[in-house]
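There are 2 protein chains.
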Amino acid sequence: MSPTDSAVEPPPGRTVVQNAQLALLLEVTGTPKPGNVDRAHDYDDLRFEHFMAGGVGARRGLELAADGERLGRAFERAVAGMSQQRAGNTQFGALLVLVPMVRAAADGDLSGSHAGDLAEATTVADAADFYRAFEHVDVAVDDPPEGMDALDVRRGADAVPAVEQQSVTLYDVMVDSAEVDGIAREWSGEFARSFDAAERLLDRDGPVPDRTARIFLELLAEEPDTFVATQHDRETAERATERAATALAGDADPWALANEFVAAEVNPGTTADLTAAALFVALERGLEI
Amino acid sequence: MSPTDSAVEPPPGRTVVQNAQLALLLEVTGTPKPGNVDRAHDYDDLRFEHFMAGGVGARRGLELAADGERLGRAFERAVAGMSQQRAGNTQFGALLVLVPMVRAAADGDLSGSHAGDLAEATTVADAADFYRAFEHVDVAVDDPPEGMDALDVRRGADAVPAVEQQSVTLYDVMVDSAEVDGIAREWSGEFARSFDAAERLLDRDGPVPDRTARIFLELLAEEPDTFVATQHDRETAERATERAATALAGDADPWALANEFVAAEVNPGTTADLTAAALFVALERGLEI
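Residue numbers (my numbering), protein chains in the order written: chain W, 125 to 413; chain L, 125 to 413.
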């Protein structure tokens, strides 16, 4: 017997892509995240198991992002894989914010400035991919600004010729949407809220799903959710933010708030997407599960 | 503009490996599965998030199984990846039963007879890998039969020289353990219960987590859980099976049973592992999420 017979290879650490996939799963595990599907809450047609299947299916696109594929293409493939369950859109916004961060981490420099540079370097081809991603799922979005009908994302791939003709890059799309979309604001602002929330996740104690629920509430209390503003209106989004602040202050029970939001179909999806991004950064920086 | 500008590649279907990973996640999503960690139940030191991380980490080993790597080695790597969270063992038994099934599915013949042939064809090298897998996590197992101390799995890699000297294959290990271990019984019996339960999952209606919880209860009502027998004793396992039958008959509430089992630390883990295997087969056969 040689002395190597009983040798055991050490367990592998989680890769960048595995951390991104785990962030998607942990986001939906954290509860209560008022108004969102989570470990303890479903909507009739959007349930926890759809997020499990979405997280599994998104992985190939995340791999493409890590491997240096065009970011728009990696995103479009992640969305395509995510869409392979009956509910359609589960984590579109989370994938959009994760893709440049995954590339930044794979580059060995997961910082806001590097992720921001990657976002800024996207091209017209990335924008075309982004529009194609809307072919795979229905995503609630606002009407485009006046005179911009040709670039309405709801046109999906049909808008690609206009995108190319007008030489719009994905970064341009994000900058143009920053005012009305919290994910676009991350893209055009060096992912500031995601990185900040990651540090708070790391600083806390206790089970990660509990920290996740807390960070979600903090993010919601800090800024109105743009997905709620789109689905309902600005007032509803502002009221949800006030309610979150009340819960944070201890003057409302987050579990009761969750029931209240689910009943009113107030679904702060953008805040959940930022929570997923924060979890990814925190996992990359050593958050233990 | 060429006519291909707006072309969108169709979404990819789930691969064999993705279905295996999803089966791991859906198993723990199904609730109530009395005595197990699931979407609504935790133990203090074994929680839902550990299963999320375990399911993410196991994937590389599942890929090796699909790619034709030695089954023992694929299993050992799956366990190594699974172990990268604080709780240690989450789904050791599920991976053990999944690995030959993943290979069978990758071969294009996910049948009991083919999976059984693959199990039977395992070698001494597979057995050595199996022993090495015990280096990564603590798994509750019975004392070995008299005179078999050298082959005690709890010796982990230290037992490898004895395994090689005695030319024990992984299939031999499974056949020898079939009486006391429900997973070994699947290996030595063409995975009969897993395939049977898969058909029942497919035949039912309703959300998959509900079907999963029901199948778990049926499997537990049919046969005492060998993990419970190991952790406690045969009587406890038989009593748990009787209680499951009572719940199935409508004479006990499965949610109350879950509280009762968790309080008594009766954790029918082998039954959960078979449930994961059944989910994998059902997903491969078209179960929609």
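Think of the hints as simulated: they come from the structure by calculation, not from any bench.
Just so we're clear, the structure is a prediction, and the values are computed from it rather than from any experiment.
Just so you know, even glycine gets a beta-carbon here, dropped at the ideal spot from N, CA and C.
Treat the hints with care, as some may be off.
Said to hold, decoys possible - Residues from chain W that face chain L, not an exhaustive set, calculated with beta carbons under 8 angstroms:
| id | residue |
| --- | --- |
| 1 | G137 |
| 2 | A177 |
| 3 | V180 |
Hints and how they fare:
1. For W/G137, the shortest C-beta to C-beta distance to chain L is roughly 7 angstroms, which falls under 8 angstroms, so the interface hint holds.
2. Taking 8 angstroms as the C-beta contact cut-off toward chain L, the hint placing W/A177 at the interface holds, the least distance being around 4 angstroms.
3. Look at W/V180: its Cβ gets to within about 5 angstroms of chain L, closer than 8 angstroms, so that hint holds up.
Violated hints are absent here; each numbered hint is respected by the structure.
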